[in-house]
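Undergrad: Take these sequences, add in the hints, and give me the full structure.
Those letters in the sequence shown? Residues 182 to 459, per the working numbering, in order.
Hints were generated in silico from the structure; no laboratory data involved. Hints should not be assumed to be uniformly reliable.
[To be verified] Taking CB as the label site, the calculated pair distances span:
| no. | residue 1 | residue 2 | range |
| --- | --- | --- | --- |
| 1 | Ala287 | Cys393 | 26 to 34 angstroms |
| 2 | Gly202 | Thr225 | 16 to 24 angstroms |
| 3 | Pro328 | Thr225 | 52 to 60 angstroms |
Predicted, not measured: the structure shown is a model, and the values here were computed from it. Note that the Cβ used here is the ideal one computed from N, Cα and C, for glycine as well.
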Amino acid sequence: MTRIEPSTSSEKAAAQHGDNGFWDVLRRETRARVGLARTGNAQTTPDVLGFQAAHAQARDAVHTPLDVPALSQALLPAVPVVVTSAAQDRPTYLRRPDLGRQLDDASRDSLKSGKWDLAIVLADGLSARAVSGYGPALFHACLAGMPDLRIAPPVIALQGRVALGDDIAQSLGARMAAVLIGERPGLSVSDSMGVYFTFEPRRGCPDSRRNCLSNIHTHGLSVTEASLKLIWLIRESQRLGLSGVDLKERAPAASATDAARMGSAPHTQINKSREESP
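TA: Here is the structure:
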């Protein structure tokens, strides 16, 4: 087989600039598949194999269980509480999203109510690898950036959906909730994490009450940027008494100083609620 001649203006431009020209400029800006070569009417073997590998990685991301001991170790010195949703296994979780939004009875009973400012939940979602990879760093950055807040012990949630954070926060007596959760994997990224923030979370809280930060991964939104945006949302939410569609995120871009400060500030106020304060 021989490669067909370029027909569209884009293909002609690609041919004119060569492999290191037109399409490479686009590839540097996106992880999407652009400018795929053809052999006859078919894609080339490397592109086909790459697509199949990406699809396999996405499937693995959905079905790989969360390594709870490793995640717990990464959260130290905070000691996490581990809970499970009403979806007791992965097949049920995938078939019944409603069960992933509520705690099972034993988990709800294990959460001790206090007067916390913020509850941070790390949920496996649809990519355990994502929350394992980026969740601890974001958690510690929040502790460092908000030493004045009473932040509840972190909660690791298995088979969790976003709204599970409402049930957890209400059980803990927390005024605000931030759910760090593995996003649905795609063919470009299989380890992307999202953060969903809610002011005054309650069971049955509508999605319009949430603010979302998405695409947190190596080639997307950095942990430093995400932590600054989340801290900005939390501070504004406290000031205005609301979250969701009425609160627009306008946090300034992160600087090198911000990154250094987030990585070096002491991690305090982990396990003392407002009720226990002097």
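Undergrad: Hints first: check each against the structure and report whether it holds.
TA: Each hint tested on the structure:
no.: 1; hint: Ala287 to Cys393: 26 to 34 angstroms; verdict: 30 angstroms, holds
no.: 2; hint: Gly202 to Thr225: 16 to 24 angstroms; verdict: 18 angstroms, holds
no.: 3; hint: Pro328 to Thr225: 52 to 60 angstroms; verdict: 54 angstroms, holds
When the structure is compared with the earlier hints, no violation turns up for any of them.
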